[in-house]
Amino acid sequence: MSTIMRTLRNLRSIGLKEYGHQLHYIGDTKRGTLVGIDRYGNKYFENLEEELPLRTRWVDYKDHEFDPSQIEPGWHAWMSYMVDKSPAEDKLLQRSIRAWEPEKHVPVMSASRSAFKTFSTTKNKYQPWTPIAAPR
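Heads up: the sequence shown runs through residues 562 to 697, numbered per this note's numbering.
Hints listed in this document are in silico derivations from the structure and should not be mistaken for laboratory results. A few of these clues could be false.
Calculated cross-link-like contacts (lysine-lysine; reagent style BS3-like; alpha-carbon spacing at most 30 Å) [unchecked claim]:
| hint | residue 1 | residue 2 |
| --- | --- | --- |
| 1 | 604 | 646 |
| 2 | 678 | 665 |
| 3 | 578 | 665 |
| 4 | 646 | 665 |
| 5 | 678 | 591 |
| 6 | 578 | 604 |
| 7 | 652 | 591 |
| 8 | 623 | 604 |
| 9 | 684 | 665 |
Please build the complete structure, drawing on both the sequences and the hints.
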């Protein structure tokens, strides 16, 4: 929740279009400097002056049907304050695309109908007991 003065200051500095975009997707208005863009198109921002502690870094997802798996590992470390330098500045956090990695992001399907379900072809060690009632 932001104060009225902070909201008006953010409206003045970021513009009406970005103000509406942030209210719709983030639920708050923020202004900061663009730190970098990852290979999925997500934009990472930082504001050290007027934000509360541990709320100074945020991401603007490219796809608005987002989940946290859309953040690359280096950017995740920067977002969760594990490292001070962003992957745009630090060579150790930058990742190259490996031959086996997909070019496009593959979403995590854990809590959906498309989730992976194991299928076993081995015979069970234990069989369920089915009672057989003798006729009277």
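Each hint, compared with the structure:
| no. | hint | result |
| --- | --- | --- |
| 1 | 604 to 646 | holds, 16 Å |
| 2 | 678 to 665 | holds, 23 Å |
| 3 | 578 to 665 | holds, 28 Å |
| 4 | 646 to 665 | holds, 26 Å |
| 5 | 678 to 591 | violated, 41 Å |
| 6 | 578 to 604 | holds, 17 Å |
| 7 | 652 to 591 | holds, 28 Å |
| 8 | 623 to 604 | holds, 8 Å |
| 9 | 684 to 665 | violated, 39 Å |
Checked against the numbered hints given earlier, the structure breaks hints 5 and 9 and satisfies all the rest.
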